[in-house]
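S.K.: Using UniProt numbering, the letters of the sequence shown correspond one by one to residues 1 to 159.
Note that these hints are calculated values from the structure, not bench results.
Worth double-checking, as some hints may not be accurate.
What the hints assert, rightly or not - Derived EDC-like pairs: lysine to aspartate or glutamate, alpha-carbon spacing no greater than 16 Å straight-line:
1. Lys85 with Asp101
2. Lys85 with Asp57
3. Lys121 with Glu104
4. Lys85 with Glu61
5. Lys121 with Asp108
Claimed, not checked - Computed Cβ-Cβ distance ranges for the label pairs, DEER-style:
6. Pro148 with Ser26: 49 to 59 Å
7. Ser84 with Glu39: 15 to 25 Å
8. His77 with Asp99: 33 to 43 Å
9. Cys27 with Arg79: 27 to 37 Å
10. Ala58 with Asp99: 26 to 36 Å
11. His69 with Tyr34: 21 to 31 Å
12. Trp78 with Asp108: 19 to 29 Å
13. Gly52 with Ser120: 45 to 55 Å
14. Thr139 with Ser26: 24 to 34 Å
15. Ser143 with Ser26: 38 to 48 Å
16. Tyr80 with Arg45: 24 to 34 Å
Built from N, CA and C at the ideal position, the CB exists for glycine as well.
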Amino acid sequence: MGASLSNTAENGSTTGGTGLGDMPESCVALVFMYLTPPEICNLARLNRAFRGAAFSDAVWESKLPSNYHHMLNLLPHWRYEGLSKKSIFALLSRPVSFDNDNKEVWLDRVSGRICMSISSKAMSITSSEDRRHWNWFPTDESSFLQVPGCGVLPTSLVV
Numbered sequence: 001m002g003a004s005l006s007n008t009a010e011n012g013s014t015t016g017g018t019g020l021g022d023m024p025e026s027c028v029a030l031v032f033m034y035l036t037p038p039e040i041c042n043l044a045r046l047n048r049a050f051r052g053a054a055f056s057d058a059v060w061e062s063k064l065p066s067n068y069h070h071m072l073n074l075l076p077h078w079r080y081e082g083l084s085k086k087s088i089f090a091l092l093s094r095p096v097s098f099d100n101d102n103k104e105v106w107l108d109r110v111s112g113r114i115c116m117s118i119s120s121k122a123m124s125i126t127s128s129e130d131r132r133h134w135n136w137f138p139t140d141e142s143s144f145l146q147v148p149g150c151g152v153l154p155t156s157l158v159v
């Protein structure tokens, strides 16, 4: 849309000038480094130069946190071997479980920041193994397999 409009004169005829499609891919990539991932993906639909810049590893390397390799180490090597930086960003944007599936880590799709979710099993809950105080229930409503339910409160917690 943008490339064709920039080449159209007021009377509807095409001018001999340059348009957005003539912009060097390297210049587009430099601009993309300042945009969010959803904005990059939307602009990639405009023309070939934008699409090419949107697949640049340099662009997506700038969107990944500096310690993303630690997140990759939680995955089997075959899941990310040979992937482009854009594909690695997409892979890490989905939750990666670790610590016996008690914790999850992922990248926020807009900011690229690291997010973490910790299950109640991974936390230190007073008397968590005492069935009188806590019961563990399977659920489909949580990203973790079990959630705690409070049973009888110990007298030491009652005020």
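S.K.: Now look at each hint and say whether the structure bears it out.
M.R.: Hint check:
1. Lys85 with Asp101: Answer violated: Lys85 to Asp101 is near 26 Å, above 16 Å.
2. Lys85 with Asp57: Given that 16 Å is the threshold and the Cα spacing comes to 5 Å, the pair holds.
3. Lys121 with Glu104: Within the cut-off at roughly 13 Å; holds.
4. Lys85 with Glu61: Between Lys85 and Glu61 the Cα gap is close to 6 Å, so the pair holds against 16 Å.
5. Lys121 with Asp108: violated (24 Å)
6. Pro148 with Ser26: 49 to 59 Å: holds (54 Å)
7. Ser84 with Glu39: 15 to 25 Å: Since the Cβ atoms of Ser84 and Glu39 sit about 19 Å apart, the hinted range of 15 to 25 Å holds.
8. His77 with Asp99: 33 to 43 Å: violated (19 Å)
9. Cys27 with Arg79: 27 to 37 Å: Check passed, 34 Å falls within 27 to 37 Å.
10. Ala58 with Asp99: 26 to 36 Å: holds (33 Å)
11. His69 with Tyr34: 21 to 31 Å: For His69 and Tyr34 the Cβ distance comes to about 24 Å; the hint holds.
12. Trp78 with Asp108: 19 to 29 Å: holds (26 Å)
13. Gly52 with Ser120: 45 to 55 Å: At 46 Å between Cβs, range holds.
14. Thr139 with Ser26: 24 to 34 Å: Given about 50 Å between the Cβ atoms, the range is violated.
15. Ser143 with Ser26: 38 to 48 Å: holds (41 Å)
16. Tyr80 with Arg45: 24 to 34 Å: Holds, at about 26 Å.
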